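For reference, the chains in residue letters:
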Amino acid sequence: MISTVAQRIDDLKFDTGLCDVLSVDVFDTLITRSVAQPSHVFAVLERELLSNASSPREAQLYDGFARVRLLVERRARENKAKTSPYADVTLDEIYIEIRRELKISFADSQRIAEREMALERDMVVAVPHTVAAITRAREVGVRVIAVSDNYMSSKQLLMMFEAAGIVGFSLDDVFVSCELGGTKSNGQIWPVVLQRITTPVHRIIHVGDHEEADGSAASAAGLSVVIDDRMNRSHRFPINTTPAVLTHSRLEASVRDQLCESEWDAHTVMGGTTAALIVSAQITSLDEALMRDPTARVYFAARDGFLAHQLWNDVRVGQGKPRAEYLHVSRSVLWRTSPNFKPSRLVGPRETLTLARLAHRLEMPLLVDLVTDCDASTMLTAQQAWDIIEKYRVQVDAVTAQHRALAVEYVRSKGLLQPGRHFVVDLGWTGSSLADLAALVHAESNGEAIVEGLFLGLYWDATHIRTRFPMHTFATNDMATGDQQRALLASHAVIEALITAPHGSVVGFCRHGSAVEPVLAEQHVEQQEFARVIGKVCDVASTTARQIVTGTHPSGVTLEDVTGDGVWASIMQTVHTPRPEEIELFGSIRLVIAIDHADDGVYLVPRTWPVGGIVDVHDSLLRGHWLRGTVASPNYRGKHADEIRSMINVWPEVGHDWVALTRPS
Amino acid sequence: MATATDASVTVIVPTFEQPILLARALTSLRDQTNASVHVLVVNNGGDPAPVDQVVRVITSSSSSLANAITVRHLSDRTARGALLRDAFSDVATPYVAILDESQTWQPTCAAMVVRYLKDNTTASAVCVGYAIAQEKMIEERVWPRLNKATQISDGDVSLTSLLSGIDLPEHSFVYRRDAITNAGGVNSSLEYVAMWDLNVRIASDGSIGVIPTPLATLHVLERTTDDDNEHRSNVEAERHHLVTLWLNEVLPGGANKGQCALDALAHRNRETELEQLRTENAALRKEIASFHGLSSRALRAALQPTKLLRAVQRRTKK
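Protein chains in written order, with this note's numbering: chain A, -18 to 646; chain B, 51 to 368.
Just so you know, not all the hints are guaranteed correct.
To be verified - Label-pair restraints from in silico Cβ distances:
#1 A:Gln509 / B:Arg364: 51 to 61 Å
#2 A:Asp520 / B:Lys336: 53 to 63 Å
#3 A:Arg273 / B:Lys336: 42 to 52 Å
#4 A:Asn60 / B:Lys198: 50 to 60 Å
#5 B:Ser139 / A:Arg273: 30 to 40 Å
#6 A:Gly203 / B:Arg364: 30 to 40 Å
#7 A:Arg331 / B:Gln201: 36 to 46 Å
#8 A:Arg55 / B:Ala333: 21 to 31 Å
#9 A:Glu429 / B:Lys198: 57 to 67 Å
#10 B:Lys198 / A:Arg55: 24 to 34 Å
#11 B:Lys336 / A:Val596: 22 to 32 Å
#12 A:Val148 / B:Gln201: 49 to 59 Å
#13 A:Arg331 / B:Ala199: 55 to 65 Å
#14 A:Arg56 / B:Ala333: 17 to 27 Å
Because the hints were derived from the structure by calculation, they are not lab data. Just so we're clear, the structure is a prediction, and the values are computed from it rather than from any experiment. Just so you know, even glycine gets a beta-carbon here, dropped at the ideal spot from N, CA and C.
Sequences and hints are given; from them, build the entire structure.
Shown next, in the form of structure tokens:
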């Protein structure tokens, strides 16, 4: 039972005379770091070690240092527990393990340990509401002490307080588990603390962020407690610590600081980190492309490029870069521009649809009359639909030719048939739609116009498309490990759902006066989801991306920090290792994936667990839903634990360790 | 734009009827950062049209490779040794490498090897770390299966290790052009072990450096067991033939080259056998230990049935 005396540290009253000592937890209560989670300090250290490496061999040695640092700390704790079950491990003991693991000299391990402590001092930030509270406490004569479960010495903590601008502490006020033979978690630190401060336990209030260590264990020792976890809400799996994560981490720390006085908000986290980085990546990939060919024309494909298109024209055009066109193209319209298109591209192999819907999809209302052996409402399997398309191929091709003529007029109006190079920015994932666009442009311009695709990521289905037109990728591609490619596929539905436009998807073209205009599928479900969730994410993403591009983001993150690895790491942090509130919010989004955008879509986290063996379940979640959101969802995590474990054994991307996916095991 | 004359590295890409894989390999070369690469595609008797189409796509791409690809179509299928000998003779850059159509380099590969060879002037070549990607090709699609990392050390590229026939992928080596010339070039009569032979000659004349970072990926397409066995036996036959010829050659130190190769191979086989025995031994020990644990538990249960009953009750309660 926890005897909580207030919800937040700000609510504490010290002038009542009931409290003589305010005890504060240190990390994520009194101080925090300029990164989103503690382990990311090790990522900064790894980055330093790698950049200072004097040879490829030394670079190889320190590649993955941050993860080694985490693992050896765990091992050092286990070793310590064998001899002293209550005591905490010290930094020296951790670095003895580092020395063993990396087979480095004592001097090198000392140098790295000192560097780690220096980084802790450089990256420390005071938590404003706790600093305000200790000031209020001291004003009425309440003593303030700091109690921490940590491997750092009290002297180091004191130096960190000073670096963060926190004054008024002496060594007598700082109590650290590694020096006192017990921790807050096991409760053994409190007798020592109480003995040293000689204050009756009922006159002490302890404030911390950890439910168990700062809550129940402190309560059991007789202290009144306040659990204030506002600063640890940005924590995710520590094992995913690598230098690539630092750009995301700085952005997420900025969101954490921004939201520390308000409710945690998954829209702001996603929009202010991953979504903003994806939009920034679209800008920077176009910047890089224009360095290769400054004379090229530039385009953003609907709907993935909506946010970046606005940002580009607002920011880059003033800087002498070409104005970008917004291109209403989609697989719905592009796949039908190629003569003899494969019916399987129009009707997916697992789809079922009515004859009326097939006719609508083909823009052939007459099809319902042509097919005599069933009526408009008859449900067709994919095979039946393909057979019908083949049977009426002549009529279908006639409609396709009309459709192609309109598409040609549309792309001509956008300048795509002009000789030269045309960069088109799109999210990805196979490049097949833009390959069709490239083929159309190539044919209609007699090979004088070249379409070049700039994608966020591509997976293995893109490899054969590479023979058709030039493709560049920013974050990941079909040459990455298979595990990483599957992680992309597992995440693409969320990215697709969130990086989008307020308007519907283009499903055809029509003549409007002398111009050809896109026909948009204004789907109620999509509008509803945009108003409910997606619009808010897009607003934050747009603002944050603008700050990144213009170099005005409060975290100091600029376009230089937006690298392929960094954007991939960000996708993995939020989409692959979502927090519970993110699963709840984004899992409830319905994504319309049918080519005609004429249904209610699918939930990113399905409402019921997919039917079948683990191969079917994995395939269904990988291609049609949000895989990690589903397996980490409280609805399924417990109930389907055995299946999930079996899946992780076969497909590592089902598990949370995404850094391991990027390197072969 | 990098051309044959101002590029640092020429990458020879032999290809035969695999345009999709060729497109991927060339993309990986196009995406090299901070290095100027010249590519020589040698179509070894395959249909020229798909190769030309792939090269057209890559050269139409905005990159430094746009003017830096040369294509040579061979009218007939040519032995690999002869193909490489001809290709090497056309190289004008200081460094040269081979990248088969199915293989890829990481974007930083060329820059790192060039830097290494510039910094280590005594190294005749450098071998980079690599990862193995097993893949399956179904119709046009290349499906990734498994990825494995490999550990590469200085010892792997020593003369003894190379003589023992250690299996290092060709595309993980980058050579100084002069070192190849000095070593006498590629033996044009060899089909399967031409580069192994060259590596041994280079290692006996000079040293081969190592960059352990995995900068190359060895993509291995799943083949039928029959294809695999046939390939392996062809390699072994040619290797055996070569070692027999080496019995008439001496290494710079005076030792018999063929005998050294046989000794090194025998040593490696022994090491492999020993390693296998160690693994089997460990597995056996584990089995014995678990059997021992099981049998002693069964014995205890037979001798003290009441205790067993209590233990079962306790567990049931839990």
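Results of checking the hints against the structure:
no. : hint                            : verdict
1   : A:Gln509 / B:Arg364: 51 to 61 Å : 56 Å, holds
2   : A:Asp520 / B:Lys336: 53 to 63 Å : 59 Å, holds
3   : A:Arg273 / B:Lys336: 42 to 52 Å : 57 Å, violated
4   : A:Asn60 / B:Lys198: 50 to 60 Å  : 31 Å, violated
5   : B:Ser139 / A:Arg273: 30 to 40 Å : 32 Å, holds
6   : A:Gly203 / B:Arg364: 30 to 40 Å : 35 Å, holds
7   : A:Arg331 / B:Gln201: 36 to 46 Å : 43 Å, holds
8   : A:Arg55 / B:Ala333: 21 to 31 Å  : 28 Å, holds
9   : A:Glu429 / B:Lys198: 57 to 67 Å : 46 Å, violated
10  : B:Lys198 / A:Arg55: 24 to 34 Å  : 26 Å, holds
11  : B:Lys336 / A:Val596: 22 to 32 Å : 31 Å, holds
12  : A:Val148 / B:Gln201: 49 to 59 Å : 51 Å, holds
13  : A:Arg331 / B:Ala199: 55 to 65 Å : 36 Å, violated
14  : A:Arg56 / B:Ala333: 17 to 27 Å  : 25 Å, holds
Hint violations for this structure: numbers 3, 4, 9, 13, all remaining hints satisfied.
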